[in-house]
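J.: These are the residues of each chain, in order.
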Amino acid sequence: MNFDFSPEENAFREEVRQFIADNYPKHLTESRRAEFTKEDFLSWHRVLAEKGWVAPHWPEEYGGPGWSVTQRYIFDDECAKANTLIVLPFGITMLGPVLMHYANDAQKAHYLPRILSGEDWWCQGYSEPGSGSDLASLKTKAERDGDDYVVNGHKIWTTLAQHADWMFCLVRTSQEDKPQKGISFLLIDMNSPGIEVRPIITIDGSHEVNEVFLTDVRVPAENLVGEEGNGWGIAKFLLGNERTGIAGVARSKNAVKRLKEISCAELVDGEPLIEDMDFKKKISELEIDLLALEYTELRTLAAESAGRGPGAESSILKIKGTEIQQKVTELIMEAVGTYSLPKIPMLDTGANYNLVGPDYSQGVSQSYFNMRKTAIYGGTNEVQRNIIAKFVLGL
Amino acid sequence: MDFDFTEEQTLLRNMVQSFVQDNYDFDSRMKIVRSDSGMSRENWSQFAELGLLAAPFDESLGGLGGGAVDTMIITEEFGKGLVTEPFLPTVVLCGGLLERHGSDAQKDMHLPPLISGEKIWALAYSEPKSRFNPANVQTTAKKDGDGFVLSGLKSVVNGGPWADYLIVSARTSGEGWQQDGISLFIVDKSADGVASQDYETIDGSRAADISFENVKLSAEALLGTLDAGLPLLEEALDYGIAAICGEAIGGMHKAHLATVEYCKTRNQFGVAIGSFQALQHRMVDMFMEYEQSVSLTYMVNMHVGGDAASRARAASGAKVQIGKAGRYIGQSAVHLHGGMGMSEELNVGHYFKRLTAIDAQLGSIDYHLKRFGSSEAA
Chain X
1 MNFDFSPEEN
11 AFREEVRQFI
21 ADNYPKHLTE
31 SRRAEFTKED
41 FLSWHRVLAE
51 KGWVAPHWPE
61 EYGGPGWSVT
71 QRYIFDDECA
81 KANTLIVLPF
91 GITMLGPVLM
101 HYANDAQKAH
111 YLPRILSGED
121 WWCQGYSEPG
131 SGSDLASLKT
141 KAERDGDDYV
151 VNGHKIWTTL
161 AQHADWMFCL
171 VRTSQEDKPQ
181 KGISFLLIDM
191 NSPGIEVRPI
201 ITIDGSHEVN
211 EVFLTDVRVP
221 AENLVGEEGN
231 GWGIAKFLLG
241 NERTGIAGVA
251 RSKNAVKRLK
261 EISCAELVDG
271 EPLIEDMDFK
281 KKISELEIDL
291 LALEYTELRT
301 LAAESAGRGP
311 GAESSILKIK
321 GTEIQQKVTE
331 LIMEAVGTYS
341 LPKIPMLDTG
351 ANYNLVGPDY
361 SQGVSQSYFN
371 MRKTAIYGGT
381 NEVQRNIIAK
391 FVLGL
Chain U
1 MDFDFTEEQT
11 LLRNMVQSFV
21 QDNYDFDSRM
31 KIVRSDSGMS
41 RENWSQFAEL
51 GLLAAPFDES
61 LGGLGGGAVD
71 TMIITEEFGK
81 GLVTEPFLPT
91 VVLCGGLLER
101 HGSDAQKDMH
111 LPPLISGEKI
121 WALAYSEPKS
131 RFNPANVQTT
141 AKKDGDGFVL
151 SGLKSVVNGG
161 PWADYLIVSA
171 RTSGEGWQQD
181 GISLFIVDKS
191 ADGVASQDYE
201 TIDGSRAADI
211 SFENVKLSAE
221 ALLGTLDAGL
231 PLLEEALDYG
241 IAAICGEAIG
251 GMHKAHLATV
261 EYCKTRNQFG
271 VAIGSFQALQ
281 HRMVDMFMEY
291 EQSVSLTYMV
301 NMHVGGDAAS
311 RARAASGAKV
321 QIGKAGRYIG
331 QSAVHLHGGM
341 GMSEELNVGH
351 YFKRLTAIDA
361 QLGSIDYHLK
371 RFGSSEAA
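Those protein sequence lines, which keep their order, are chains X and U.
Counted from 1, the first sequence has number 230 at position 230 by UniProt numbering; the numbering is strictly sequential.
Counted from 1, the second sequence has number 344 at position 344 by UniProt numbering; the numbering is strictly sequential.
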């Protein structure tokens with residue numbers, strides 16, 4: 001057992017750090033009150049694509065960098081330390097591996113390079129108003145008509161669909177079998193006639209998620225991935241991939257660092273908050289939780305690199321990872337104190353807004369509100385616990 | 001022992017309840033909080049007409065003599081409707097200070113227009129570095145002839161944008177967070193040298209950072225005794241806590257109720273999700289936290305008129321409980337609603353936000369845990 005990084009790995013870390021310092025778009029580093037735009041996300045994506053680093057876990061034959069599990073870990077860690085924008089997961093993390101595993105050669109040749117380059121922005125058409133945790137009950141219908149499928153239905157919580165060129169979508173192609181068997185995995189052009197995207201404003205005041213209404217949308221049958229009726233298997237494969245990235249250890253470490261900085265700046269009757277034993281204890285408990293999760297993730301990665309793929313244990317990463325992400329935003333809000341009350345505009349309303357309070361206080365409560373979603377999305381934490389109970393504990 | 005409400009109190013509750021039902025449904029409220037001003041003057045006039053702005057004051061002052069319990073009844077119903085109008089700063093915090101410590105002249109001048117709804121008040125006591133401690137005052141009021149000159153910055157003044165008058169805490173002697181040397185002043189917000197930076201708060205209400213630059217005050221602006229304002233301020237904040245606890249239990253009640261209803265009707269896997277034991281137990285825990293909060297809200301409202309030590313202990317204890325319960329119930333209500341809980345278009349997220357904001361008002365959980373710990377048990 002050895003947790004030390006080799007000299008080569010340390011050199012790699014230095015290389016990544018230098019690359020970010022030299023190439024990360026400067027205008028994305030300042031604290032901003034508006035949301036990041038599509039162009040903001042793409043500008044960092046393109047820099048990484050140019051370098052060949054945008055898809056760390058893709059095999060080299062598809063344009064990945066061919067990194068080891070440890071290198072991928074180091075790369076994520078350095079990006080988080082530099083507080084870069086994330087590379088959106090929909091194309092790179094979610095759809096990419098699905099296409100490699102299930103798609104035909106023509107589909108791979110067409111879609112994978114466009115995911116890498118950032119040319120296509122993907123969104124995920126999974127949840128429906130009546131189908132959240134019980135995803136297999138989804139009702140969006142795709143009926144074959146000549147060379148096309150005709151799709152009708154209603155997707156919801158579709159993240160950043162307002163920017164999307166394409167949606168990978170779970171649709172029902174058969175009503176006859178048990179629900180899981182009638183589901184197919186379809187790639188839908190978001191510019192198709194009959195698609196309407198409506199924003200959902202969330203409690204932090206931001207526009208991240210949407211409803212997508214599909215009315216008689218014609219989708220070429222060649223956009224089907226895998227066999228008709230095999231969509232549930234693909235969906236489960238994809239959700240497994242979603243879970244491994246969801247621990248967010250490196251980002252949480254960064255957030256803990258911010259929490260400590262704020263706690264040094266905030267004074268309680270003249271003394272820094274971080275010297276307050278009660279608050280210090282809360283930070284320490286959080287840090288220990290995070291440290292444990294870091295090593296749990298490393299163990300999962302080590303098992304993965306030894307060919308023992310992520311099993312149901314990866315649900316631990318989702319549950320603990322999101323609990324920690326929520327806790328750290330909660331403690332940051334507490335640390336800021338009274339200046340956690342002003343609200344910053346998240347949407348560009350054109351109205352003038354003068355900031356009050358220290359820079360580090362801006363929007364902290366809204367981040368706390370926003371992070372409540374993490375225990376809900378990607379399979380609620382209750383569903384994750386059910387998975388562990390059933391598949392790990394055999395209950 | 002009697003925890004029942006009197007007939008008059010029940011009538012008061014019914015009246016406020018029907019006002020909230022008729023005028024403060026979700027859509028009406030969203031219209032108010034999204035408007036430029038963020039409050040409804042029409043509602044404020046209605047409060048005056050219904051006697052709500054007069055409720056706690058003594059009958060000799062034109063009030064209805066209701067005291068803290070009547071105030072709690074009003075704020076609890078306001079909490080259910082997420083009412084944003086500045087009842088707490090105007091009536092409870094500032095009105096209470098005027099009633100208990102104002103001179104006859106101050107009461108005569110200020111209470112009638114407050115009770116009639118003409119003038120709105122805000123309590124400007126917190127500062128950028130004060131971190132919940134009302135003794136931590138850097139704003140100064142220096143002697144100037146018969147009067148004073150006020151300079152400093154007050155932060156996150158709840159209801160500040162709407163206020164005509166402020167009660168401001170300032171150092172007339174001493175420094176840092178010394179107990180002595182703090183005085184309270186009545187300040188006309190339109191006076192020269194007063195500048196208000198207004199903004200929306202996370203719960204849809206409004207607050208302001210208000211600066212005072214060499215604001216000239218007459219001797220009559222002093223409220224209470226020179227250098228001895230802190231005990232009055234502490235007392236006012238404890239009355240504020242008693243009232244905000246009422247608001248909090250109103251919000252908790254609605255958030256919990258909405259969650260139970262949602263889990264009874266939301267179906268997944270062919271059954272109502274409320275049939276899952278993991279969710280049932282969470283809703284039971286929410287319920288218990290709510291009941292514990294009701295208990296301490298009643299307790300503080302019965303003790304708030306007592307001596308300083310038992311009042312502080314009661315208020316801090318209650319504020320800790322509603323802070324913790326508000327967080328747990330708010331978070332759980334959003335979570336059990338799933339994605340719907342995250343939507344701005346559903347009421348449950350707004351209860352969550354208001355309950356979150358309440359913890360950062362009038363002292364947080366941590367602040368009041370320490371204050372409770374350092375207070376003597378009666």
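Since the hints were derived computationally from the structure, they do not count as laboratory data.
Here the structure is a predicted model, which means the values were calculated and not measured.
Hints may be right or wrong, so weigh each one.
Claimed, not checked - Derived lysine to aspartate or glutamate pairs resembling EDC-like cross-links, with alpha carbons at most 20 angstroms apart:
1) U:LYS324 / X:ASP145
2) U:LYS370 / X:GLU176
3) U:LYS129 / X:GLU275
4) U:LYS370 / X:GLU271
5) U:LYS142 / U:ASP58
6) X:LYS81 / X:ASP134
7) U:LYS107 / U:GLU42
8) U:LYS129 / X:ASP269
9) U:LYS370 / X:GLU323
10) U:LYS129 / X:GLU15
11) X:LYS281 / X:GLU222
12) X:LYS38 / X:ASP278
J.: All hints, please: hold or fail.
T.: Results for each hint:
Only pairs whose Cα atoms come within 20 angstroms are accepted, and LYS324 (chain U) paired with ASP145 (chain X) is rejected, the gap being roughly 57 angstroms. With a C-alpha separation of about 64 angstroms, the suggested pair LYS370 (chain U) and GLU176 (chain X) falls outside the 20 angstroms cut-off, and the hint is violated. With a C-alpha separation of about 16 angstroms, the suggested pairing of LYS129 (chain U) with GLU275 (chain X) holds against the 20 angstroms cut-off. Between LYS370 (chain U) and GLU271 (chain X) the alpha-carbon distance is near 15 angstroms, which keeps this suggested pair within the 20 angstroms criterion.
Under the criterion of a C-alpha separation no larger than 20 angstroms, the hint pairing LYS142 (chain U) with ASP58 (chain U) is inconsistent with the structure, at around 34 angstroms. Distance check on the hinted pair: LYS81 (chain X) and ASP134 (chain X) sit about 37 angstroms apart at the alpha-carbon level, beyond 20 angstroms; violated. About 25 angstroms separates the Cα atoms of LYS107 (chain U) and GLU42 (chain U), which puts this hinted pair outside 20 angstroms; it is violated. Restraint check for LYS129 (chain U) and ASP269 (chain X): the C-alpha separation of about 8 angstroms stays at or below 20 angstroms, so the hint holds.
Proposed proximity of LYS370 (chain U) and GLU323 (chain X) is contradicted: the alpha carbons are some 27 angstroms apart, above 20 angstroms. Of the pairs offered as hints, the one joining LYS129 (chain U) and GLU15 (chain X) is violated, with about 42 angstroms between alpha carbons and a cut-off of 20 angstroms exceeded. For the proposed pair LYS281 (chain X) and GLU222 (chain X), the alpha carbon gap of about 58 angstroms is over 20 angstroms, so the pair is violated. Only pairs whose Cα atoms come within 20 angstroms are accepted, and LYS38 (chain X) paired with ASP278 (chain X) is rejected, the gap being roughly 42 angstroms.
Hint compliance for this structure: hints 1, 2, 5, 6, 7, 9, 10, 11, 12 are not met, and every other hint is.
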